[in-house]
Amino acid sequence: QQQVKQSPQSLIVQKGGISIINCAYENTAFDYFPWYQQFPGKGPALLIAIRPDVSEKKEGRFTISFNKSAKQFSLHIMDSQPGDSATYFCAASMDSSYKLIFGSGTRLLVRP
Amino acid sequence: DAGITQSPRYKITETGRQVTLMCHQTWSHSYMFWYRQDLGHGLRLIYYSAAADITDKGEVPDGYVVSRSKTENFPLTLESATRSQTSVYFCASSESGSSGNTIYFGEGSWLTVV
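Chain order of the listed sequences is B and W. Heads up, the first sequence stops at 112 in our numbering, and the numbers go up one at a time, no gaps. Heads up, the second sequence stops at 114 in our numbering, and the numbers go up one at a time, no gaps.
Among the clues, some could well be false.
Unchecked claim - Restricting the straight-line Cα-Cα distance to at most 27 Å, the calculated cross-link-like pairs of lysine-lysine (DSS-like) are:
hint, chain 1, residue 1, chain 2, residue 2
1, W, Lys57, B, Lys5
2, B, Lys42, B, Lys58
3, B, Lys58, B, Lys99
4, B, Lys58, B, Lys15
5, B, Lys42, W, Lys70
6, W, Lys57, B, Lys99
7, B, Lys71, B, Lys5
8, W, Lys11, B, Lys42
9, B, Lys42, B, Lys15
10, B, Lys58, B, Lys5
11, B, Lys42, W, Lys57
12, B, Lys58, B, Lys68
13, B, Lys68, B, Lys57
14, B, Lys57, B, Lys71
15, W, Lys70, B, Lys99
16, B, Lys57, B, Lys99
To be verified - A short list of chain W residues far from chain B (calculated; beta carbon distances all over 10 Å):
hint, residue
17, Glu14
18, Gly16
19, Asp53
20, Gly63
21, Pro75
22, Thr112
What the hints assert, rightly or not - Which bits of chain B does chain W cover? Going by a derived footprint, with three or more residues having C-beta under 8 Å, they are:
hint, segment
23, 40-51
24, 102-112
These aren't lab readings, by the way, just hints derived from the structure by calculation. Predicted model only: the values in this text are computed from it and were never measured. We put the CB at the ideal spot given by N, CA and C, even for glycine.
Construct all of the structure, not just a fragment, from the sequences and the given hints.
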């Protein structure tokens with residue numbers, strides 16, 4: 001099964017709050033889990049990524065938490081800002097494969 | 001640093017017409033991709049190319065044709081457009097095809113088929 005399931009579909013957070021987006025996958029062969037950020041009218045851009053040999057990766061206000069046994073990973077945005085308002089996609093791929101499987105996306109709105 | 005450029009950015013066409021979306025990248029990346037983005041479906045791969053003259057189907061290839069005569073160009077053709085092909089199309093490229101390589105996306109082509 002190649003699917004990556006993402007939730008919630010949309011999320012509204014107050015400025016300064018924590019935004020949390022969750023993804024679950026089926027294929028245990030996946031070994032690379034990126035998150036892409038997409039602003040309106042633009043293409044997606046890589047935000048942060050993790051490999052399953054670590055349980056957490058942090059870059060500034062953005063953190064990926066990875067639970068290998070549960071086959072789940074999540075994006076946490078600390079101190080959310082209005083400029084973070086965008087659509088976020090999780091994705092997964094496996095070694096030796098070009099193919100990125102994307103989740104369905106989460107539209108985040110951070111209110112001032 | 002032009003990166004990936006797509007044209008046209010916006011297109012309205014009629015059912016049954018042929019439409020070609022252009023994609024040009026300046027990085028000399030080996031891999032190029034075409035995705036379509038639809039609400040509730042995320043990004044789905046239509047076709048990819050590992051190098052000039054090498055192309056292969058992705059998840060949703062029906063109704064589309066691609067070619068890659070030069071490394072930097074990867075046009076996508078809808079041979080006979082249908083309303084179900086109304087979507088936002090993204091061209092992308094990657095230095096290699098292995099897991100972990102960043103995929104860089106263009107800004108998208110909005111296509112409406114009426």
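We went through each hint and held it up to the structure:
1. Taking the CA atoms of Lys57 of chain W and Lys5 of chain B, the gap is about 23 Å. The hint holds against a cut of 27 Å.
2. Distance check on the hinted pair: Lys42 of chain B and Lys58 of chain B sit about 25 Å apart at the alpha-carbon level, within 27 Å; holds.
3. The hinted pair formed by Lys58 of chain B and Lys99 of chain B meets the criterion: a straight-line CA distance of about 25 Å does not exceed 27 Å.
4. In summary, the hint linking Lys58 of chain B to Lys15 of chain B is supported, as the alpha carbons are separated by about 20 Å, within the 27 Å threshold.
5. Distance hint between Lys42 of chain B and Lys70 of chain W is fulfilled; the C-alpha atoms sit about 25 Å from each other, no more than 27 Å.
6. Restraint check for Lys57 of chain W and Lys99 of chain B: satisfied, since their Cα atoms lie roughly 11 Å apart, inside the 27 Å limit.
7. At most 27 Å may separate the alpha-carbon atoms for a hinted pair to count; Lys71 of chain B and Lys5 of chain B meet this at roughly 11 Å.
8. For a cut-off of 27 Å, the pair hint linking Lys11 of chain W to Lys42 of chain B stands: about 16 Å separates their Cα positions.
9. Under the criterion of a C-alpha separation no larger than 27 Å, the hint pairing Lys42 of chain B with Lys15 of chain B is consistent with the structure, at around 23 Å.
10. At most 27 Å may separate the alpha-carbon atoms for a hinted pair to count; Lys58 of chain B and Lys5 of chain B meet this at roughly 22 Å.
11. Only pairs whose Cα atoms come within 27 Å are accepted, and Lys42 of chain B paired with Lys57 of chain W is accepted, the gap being roughly 25 Å.
12. Annotation: proposed proximity of Lys58 of chain B to Lys68 of chain B holds, straight-line Cα distance about 17 Å (limit 27 Å).
13. A hinted pair counts as satisfied when its Cα atoms are at most 27 Å apart, and Lys68 of chain B with Lys57 of chain B qualifies at roughly 14 Å.
14. For the proposed pair Lys57 of chain B and Lys71 of chain B, the alpha carbon gap of about 16 Å is at most 27 Å, so the pair holds.
15. The straight-line distance between the Cα atoms of Lys70 of chain W and Lys99 of chain B is roughly 22 Å, inside the 27 Å bound, and the hint therefore holds.
16. For the proposed pair Lys57 of chain B and Lys99 of chain B, the alpha carbon gap of about 23 Å is at most 27 Å, so the pair holds.
17. For Glu14 of chain W, the requirement that its beta carbon stay farther than 10 Å from each beta carbon of chain B is met, with the minimum near 25 Å.
18. Distance check on Gly16 of chain W: its Cβ is at least 29 Å (rounded) from any Cβ of chain B, clearing the 10 Å threshold; non-interface status holds.
19. Consistency note on Asp53 of chain W: stated as away from chain B, and its beta-carbon is indeed over 10 Å from all of that chain's, at 16 Å minimum.
20. Every beta carbon of chain B lies more than 10 Å from that of Gly63 of chain W, the smallest distance being close to 20 Å; the non-interface claim holds.
21. Separation of Pro75 of chain W from chain B is adequate, the least Cβ-Cβ distance of about 17 Å exceeding the 10 Å criterion.
22. With a least beta-carbon separation of about 15 Å from chain B, Thr112 of chain W lies farther than 10 Å from that chain, consistent with its non-interface assignment.
23. With 8 residues carrying a beta carbon less than 8 Å from a beta carbon of chain W, the segment 40-51 of chain B meets the three-residue requirement, and the given coverage holds.
24. With a threshold of 8 Å between beta carbons, the proposed coverage of the segment 102-112 of chain B by chain W holds, since 4 of its residues qualify and at least three are required.
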